[in-house]
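These protein sequences, in sequence, are chains A and B. This note's numbering puts the first sequence at residues 884 to 1295. This note's numbering puts the second sequence at residues 5 to 292.
Worth flagging that the hints you see were computed from the coordinates, not collected in a lab. Treat the hints with care, as some may be off.
As the list claims (entries may be wrong) - On the chain A side, residues computed to face chain B include the following (Cβ under 8 angstroms):
1) Asp1086
2) Arg1124
3) Ala1129
4) Gly1130
5) Glu1152
6) Glu1155
To be verified - Chain B regions said to be covered by chain A (calculated; three or more residues, Cβ under 8 angstroms):
7) 10-23
8) 119-132
9) 219-232
Stated by the list, open to error - Chain A residues, not near chain B, derived (Cβ > 10 angstroms throughout):
10) Asp1183
11) Ile1222
12) Glu1268
The structure displayed is predicted, hence computed values, not measured ones. The beta-carbon is built from N, C-alpha and C at its ideal position, and this holds for glycine as well.
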Amino acid sequence: MKQSRRNFIRTSAIGGVALAAPSLIGSVARAQDGPIKLGSLHDLAGPLAATGEPMVYAIMLAVEEINAAGGLLGREVELINYDTQSNIQLYSQFAQQLAVRDKVDVIHGGITSASREAIRPIFSRFRTLYFYNTLYEGGVCDRNTFNTGTTPAQTVEKLVPHAMNLWGKKAYIIAADYNYGQITAKWMRKYVEDNGGEVASIDFFPLDVTNFGPSISRIQAAEPDLLLSAMVGGNHTAFYRQWAAAGLKDEIPIASTTFGLVNEPATLEDAESTGVLGSYGYFEELDTPASLAFVKAIKDRHGAQTPYVSELAAASYEGVHLWAEGVRQAGPVDRMDVIEALDTGLSFDGPSGSELIAPKTHHVTRNTFLAEVENRAWNVLETFEQQQPLDTAAVCDLEANPNDTTHYIIDI
Amino acid sequence: MDIAIIVGLDVVSGIASLVLISAGLAVIFGMMKIINLAHGEFLMLGAYATVLSVSAGVNIWFAMLVIAPVFVGLVGVVVERCLIRFLYGRLVDSMLATWGLSLVIVGGTTMIFGNTIVGVSSPLGGFQVGAYQSSLYTPFLALMALLLMLIVYGVMRYTRAGLIARAVMQNPGMAATLGVNPARVYMATFGIGAAMSGLAGGLLAPIAGVVPTMGAAFIAKAFITVVGGGTSILWGLISASGLFGFINQIAAFLTTPVFGEVILFIAAVILIRMLPTGISGRFFKGRL
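Build out the structure end to end from the sequences listed, making use of the hints.
In structure tokens:
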């Protein structure tokens, strides 16, 4: 990312201010042992605020439910949330603070893969249990880390063949220029080639690109049948706008692993978004009783301005409940006891359906869904029951190598 | 051949958008030597004014071309009266103050409207060049940039207000002796600069991701353009926009968007190293 003078000043000064003013959400201890502490690191300001907000809402809801049911092991759960303000430096700083000063029992958090890779080693070093609840590129193999979001084998593997059947064999890939986009683009290429297609080109975009004119011309020059997108953030939303403005939306259709994860269908006009395909581990539009209750609980608490409740929120909610289940099974809140309890293959029935922890990879086997944007909302087309995290399972076996902490990157 | 036309259009649009996003900053910096770090937020306010007016049922052209600049212009006047006028001649203080202002504007906008807002789609359709398609909005942006430059030139060159503005710009003390009130000229200049930023924000609304933090994506380019152009408002802006817009768009087309940005910044560094006072400091000295 470019470092403008202002960004630099902003970053350094926010760092100073934020140290003095962490936001504490939570309740006061009442049990004799004091509360069980759950740390949370999410962006509530800056470009990723719209992403972080529903995740924190979901965690607050899960904690509230656990406490309403009498807490864990007779102790209350206290939520300590730090706003990382879309700033990786603050992630590292608050991660240390949570682990060392607040001495929390578990941390749920991290949004971008860049932020996860900044804090994951810190939690290994300070031996603090970590849950990463975001869909991501797969490959994290770490006994101390549990990943409840979907990975490409669960979603991209469904999305790409479906899109190719509909539209054709020649794909053009566009992706955000950081580890998530880079690695997801590799997975897209793999699935396109596995299904007998070809990739015309892969273009990466820094997160602050706003003018997509030349790239749109490049894509047209390549004459693809479909566009696969892993674009991220508010600035990249402009791509879909400029794509539609050039009249290309109906010429070259789009399937995406990120579109609609935050607020794209809500921000864009109907004409700019209808027909985009996406595949995630959860959609707000799912009409199962568990999903309806979950969405209603969040919207009741946060009103009309509640952002879209996506897989990120659902996985955060399910992540907290899975952890709570681990604590209940473990007895004391000791880190290794909880990990071992979770490794027995615990499961939780959340808004997206049943989620089962895979002990070898610390990822989850879960339902995934394929959907299409229609009238600025998702229309769920297909459900894939109990998809395993096969991508990570191919490279990671924590039962055989419990000391592994690698983030494996697909090699193709 | 078709691709050449399309890429040519991309270049024109790149230059036009640089002219638009930098014009307000150039006026305020060129005339008042104030570095307005809230410039990106003025763009954002223009985009928000447009989007909110359109969703309230206002005609999109009226929202973009009238409401956005008038609203942000008024914001600019208020900001000048309450903040900037105490800081003339204090470059570092004014940077700090406007940076603080930018945080307040982003925070306030997020509080009032949330992180998500329904955007407006581009009002003009697309058109065909051989096998390629492009948006009619692109030539429209170029036309608006050209018009804006013509208006600035006309006002500065041929009107009494322009004459006074140029006089204050050259020597505020002497202008004051001759009966001009520099404080009022500065207020008006800041307001007009802000209005130009508002106009740019309004024009970008249909093709940008409209979020409270969108200003940050534009401000670096606006600053590079203004610094590269130097203090001459018009020629500095046009020459720097032309150069950087051309380099950026061609590089992005021939290589990748990543290298497009890298090459642009390398070019800017070389330019400023060779011409420390900007293009206009060397070639258009003393001109508008």
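Do the hints match the structure? See the list:
Satisfaction of the interface hint for Asp1086 (chain A) is found here, the shortest Cβ-Cβ separation to chain B being roughly 6 angstroms, below the 8 angstroms cut-off. Taking 8 angstroms as the C-beta cut-off, the interface hint given for Arg1124 (chain A) holds, the closest approach to chain B being about 5 angstroms. Of the supplied interface hints, the one on Ala1129 (chain A) holds, with its beta-carbon coming within about 5 angstroms of a beta-carbon of chain B, less than 8 angstroms. Checking Gly1130 (chain A) against chain B by beta carbon gives a least distance of about 3 angstroms; that is within 8 angstroms, so the hint holds.
Proximity of Glu1152 (chain A) to chain B holds as hinted, the smallest CB-CB distance being about 4 angstroms (cut-off 8 angstroms). Of the supplied interface hints, the one on Glu1155 (chain A) holds, with its beta-carbon coming within about 6 angstroms of a beta-carbon of chain B, less than 8 angstroms. Counting residues of the region 10-23 of chain B whose C-beta lies closer than 8 angstroms to any C-beta of chain A gives 7; at least three are required, and the coverage claim holds. With 12 residues bearing a CB less than 8 angstroms from a CB of chain A, the region 119-132 of chain B meets the requirement of three and the coverage assertion stands.
Residues of the region 219-232 of chain B with a Cβ under 8 angstroms from some Cβ of chain A number 6, which satisfies the need for three, so the listed coverage holds. Residue-level check passed: Asp1183 (chain A) sits 17 angstroms from the nearest beta carbon of chain B, beyond 10 angstroms. Distance to chain B confirms Ile1222 (chain A) as a non-interface residue, since its nearest Cβ pair spans about 35 angstroms, more than 10 angstroms. The Cβ of Glu1268 (chain A) lies farther than 10 angstroms from every Cβ of chain B, with a closest approach of about 32 angstroms, so its non-interface assignment holds.
Against the hints set out earlier in the document, no violation occurs for any number.
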